[in-house]
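A.B. asks: First to last, the sequence lines map onto chains A and B. For the first sequence, the positions run 1 to 280 when my numbering is used. For the second sequence, the positions run 1 to 336 when my numbering is used.
A portion of the hints provided could be inaccurate.
Incomplete in silico selection of chain A near chain B, CB under 8 Å [as the list claims (entries may be wrong)]: (1) Leu12; (2) Thr16; (3) Ser22; (4) Pro27; (5) Ala40; (6) Ala43; (7) Lys46; (8) His49; (9) Arg120; (10) Ala175; (11) Gln195.
FYI, nobody ran anything at the bench for these hints, they're computed from the structure. Every residue gets a Cβ at the ideal spot worked out from N, C-alpha and C, and that includes glycine.
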Amino acid sequence: MSTTTTVPEPALAEATLRAALSTRARPSRASARAASVTFAWRALLKIKHVPLQLFDVTMFPISFVLLFTYLLGGALAGSPRAYLQDLLPGILVLTVTMITVYTGVELNTDIDKGVFDRFRSLPFWRPAVLVGMLLADTVRYTIASLLVIAVGLALGYRPHGGPVGVVLAVALLLAFSFCMSWIWTAVGLKMQKPQSVMQVSMAVLSPLTFASNVFVDPDTMPGWVQAFVRANPISHLTTAARGLMAGEVDAGAIGWSALWSALVLAVFAPLTMRFYARER
Amino acid sequence: MDGQLAIETQGLVKVFGETRAVDGIDLAVPGGTVYSVLGPNGAGKTTTIRMLATLIRPTEGTARVLGHDIVTEADAVRSTVGLTGQFASVDDELTGAENLVLLGRLLGFGWAAARDRADELLAAFGLAEAAGRLVKEYSGGMRRRLDIASSIVVTPELLFLDEPTTGLDPRSRNQVWEIVRVLVGAGTTVLLTTQYLEEADQLADRVAIVDHGKVIAEGTPAQLKASVGAGTLHVRVHEPSQRAAAERILADVLEVPVTPAADPVALSAYGPDPEAVARALGELTRAGVAIVELSLGQPSLDEVFLQLTGHPAEAPEAPNPPDGAGGANGEEGAVA
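Chain A on its own, in the form it takes in the complex (with noise of 0.2 Å):
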């Protein structure tokens, strides 16, 4: 055989088969904690078994850091120290909602492949595969979380909110992620091909994450910019996290960014559980 593998094929053994395919034990349905755990797992094993998929979270946020601390920080708030003071906690917002995409990226990928149609065709908790996946991304959201705030900590950040002031920001981001993540969910449904995703995807981000309060102060912008920029939900985010990161608790800010989640949540769950429930 002109195969890559050189591991010799074994004869089937018949009476190890008979006994393996005359077992009719039929366990009683998995629950949806453990048909969502599973999924979760699955998605844990394939960075275990791809770390190279963890490049992108890994190298996005330091190089964002890097590049506005320090080329930008000086025109913008004097020294890039003063900068960062501001920047860091918008770029961990930044880092982290453009992450989700990969939601949606990797889901489409699943369906392309036809691992789907394996899934669909069993009876379990039908949510459980995307709930899995959205676990199991805030595990990469978390990494991305830490990764950002260690290198502003390096640079010379310093949360005046203190560690409970840090868990409290980082634990507002992973909800409105996750939340956000149903958006992508629906849209790799709904799409062909996985860089269709992407495409869509960061043509809906860029908007959101640059037009927002991350990197300037909004005042300086003309009024509709404003207006746009101060009910992008990203700004609202962004100072919520900054608040609590820096120990002036804003909870208008916070409120604000709760009810996007609960609104977006509401929306896009739905939507894609009907996507997901119908054919292709």
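Take the given structure of chain A and dock chain B to it, following the hints.
C.D. replies: Below, chain B without anything else, positioned relative to chain A:
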């Protein structure tokens, strides 16, 4: 299960846009048997299976699988059937063992029980040594066996196998056939689609031949073969100069058209009576024509199609054998 119908469809139709991929299929599959749906690419085989496995809904018509309606009782169908898709739907980026543990968990096993079942299946399917390797490193045959193992983590009452041997080398193909036989011996009903008449002949109790979304013939393999005749006789003479004589003798004795092949020593005759072939061989010997090779093959799917529909089966896409080997072809010579 035996005697009862495992699958019963009435006027099953599936329309994709303008295309009627399945155009009124009626099937009656007895429980405990192997039933083969035979047809070329694009005949509607996969679409039919996808409907029966509840992956897509029929546009028209009804179907009951193991007594459950495929639309209104989809979950009941899902809990009793297994599915092996045409493009082995296993997860490339996991190991063989992880694939099976994953499915075991989704079917309701605890972690330990899922691992035990995975080990048992890996051993039974000759994959124990490859258990810890990523599936993307598997050969085509190993992949297909894992795919079938994945669909029987809980032994199903009914297994759908969509072109299980397309693209496999003969050895892997035989292993898949062996698995199917053992599975049926253990009481599972198998619905199998294939492009190869030989495969249907080897495995199936009954065969439905489909073309353009319709069943154009149905019966046991023997009935179908009888209805299309004996297939094609291939003869090779020793010297190109003797071919004309051989052609004349064959045409006289067999009373069917004889066509010279591109090869200057080869001839073929379509659909001769096997007894006439024996007589023709005698005549050729008496006339001093030296025969190098003479074989009477089963009719190929093409010939069956030509006979039943008057048009040849659309050329199947060249399968991509991951093993590089040629795969199964319908025409397998039985030397007369």
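A.B. asks: Hint by hint, note whether the structure agrees.
C.D. replies: Hint check:
1. Leu12: Status holds, d = 5 Å.
2. Thr16: With a closest approach of 5 Å, the A:Thr16 hint holds.
3. Ser22: holds, 5 Å
4. Pro27: This hint holds: A:Pro27 lies near chain B, its Cβ roughly 4 Å from the closest one there, short of 8 Å.
5. Ala40: With Cβ-Cβ at 11 Å, over 8 Å, it is violated.
6. Ala43: violated, 10 Å
7. Lys46: holds, 5 Å
8. His49: holds, 6 Å
9. Arg120: holds, 6 Å
10. Ala175: Hint on A:Ala175: violated, closest Cβ of chain B at ~27 Å, above 8 Å.
11. Gln195: With a closest approach of 18 Å, the A:Gln195 hint is violated.
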